[in-house]
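Q: Sequence:
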Amino acid sequence: MPHDPDPNRDPQFYPAEDSPQDYYTLLNLPHHPPPTTQQIRSAYRALTLSFHPDKQPAHLSDAARHHFGRIQEAYETLVDERKRVVYDLLGREGVAEEF
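Residue numbers for the sequence shown follow the working numbering, beginning at 45 and rising by one.
Mixed in with the good hints, there may be bad ones.
[Stated by the list, open to error] Across the chosen pairs, the derived CB separations fall in these ranges:
| no. | residue 1 | residue 2 | range |
| --- | --- | --- | --- |
| 1 | L133 | Q65 | 15 to 21 Å |
| 2 | K99 | V129 | 30 to 36 Å |
| 3 | A102 | P78 | 34 to 40 Å |
[To be verified] Here are the computed lysine to aspartate or glutamate pairs in the EDC-like style, where the Cα-Cα straight-line distance is at most 20 Å:
| no. | residue 1 | residue 2 |
| --- | --- | --- |
| 4 | K127 | E137 |
| 5 | K127 | E117 |
| 6 | K127 | D66 |
FYI, nobody ran anything at the bench for these hints, they're computed from the structure.
Positions of the beta carbon are idealized from the N, C-alpha and C atoms, including for glycine.
Based on the sequences and whatever the hints tell you, model everything.
A: Shown next, in the form of structure tokens:
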């Protein structure tokens with residue numbers, strides 16, 4: 045089992061705000077084979093338990109809030125089958141334009 049970094053010990057864990065990150069990578073999911081809805085939900089739940097801003101030290105609160113928002117955005121896109129198809133074809137910008 046891969047080691048999950050501890051955000052409380054590693055302030056570098058949170059990606060820079062401007063760094064683009066693939067939604068599948070952000071949720072630790074494979075592209076192929078496509079993850080099931082249950083796998084997406086499970087990955088999201090695990091990440092929310094680890095990275096919820098209320099569970100982070102004060103000095104990481106801004107980064108945690110931003111990272112958590114990106115996790116939520118990824119989840120909301122991938123769990124919705126229509127949005128996921130658009131995302132897979134056109135990326136994040138395509139979803140923003142379409143929905």
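Q: Determine for every hint whether it applies to the structure shown.
A: These are the hints, each one checked on the structure:
1. A beta carbon spacing of about 18 Å between L133 and Q65 agrees with the range 15 to 21 Å that was offered as a hint.
2. Range check, K99 to V129: about 33 Å between beta-carbon atoms, so the 30 to 36 Å window is met.
3. With their beta carbons about 39 Å apart, A102 and P78 fall inside the hinted range of 34 to 40 Å.
4. Annotation: proposed proximity of K127 to E137 holds, straight-line Cα distance about 11 Å (limit 20 Å).
5. Our distance criterion of 20 Å between C-alpha atoms is met by K127 and E117, whose separation comes to about 11 Å.
6. Restraint check for K127 and D66: the C-alpha separation of about 14 Å stays at or below 20 Å, so the hint holds.
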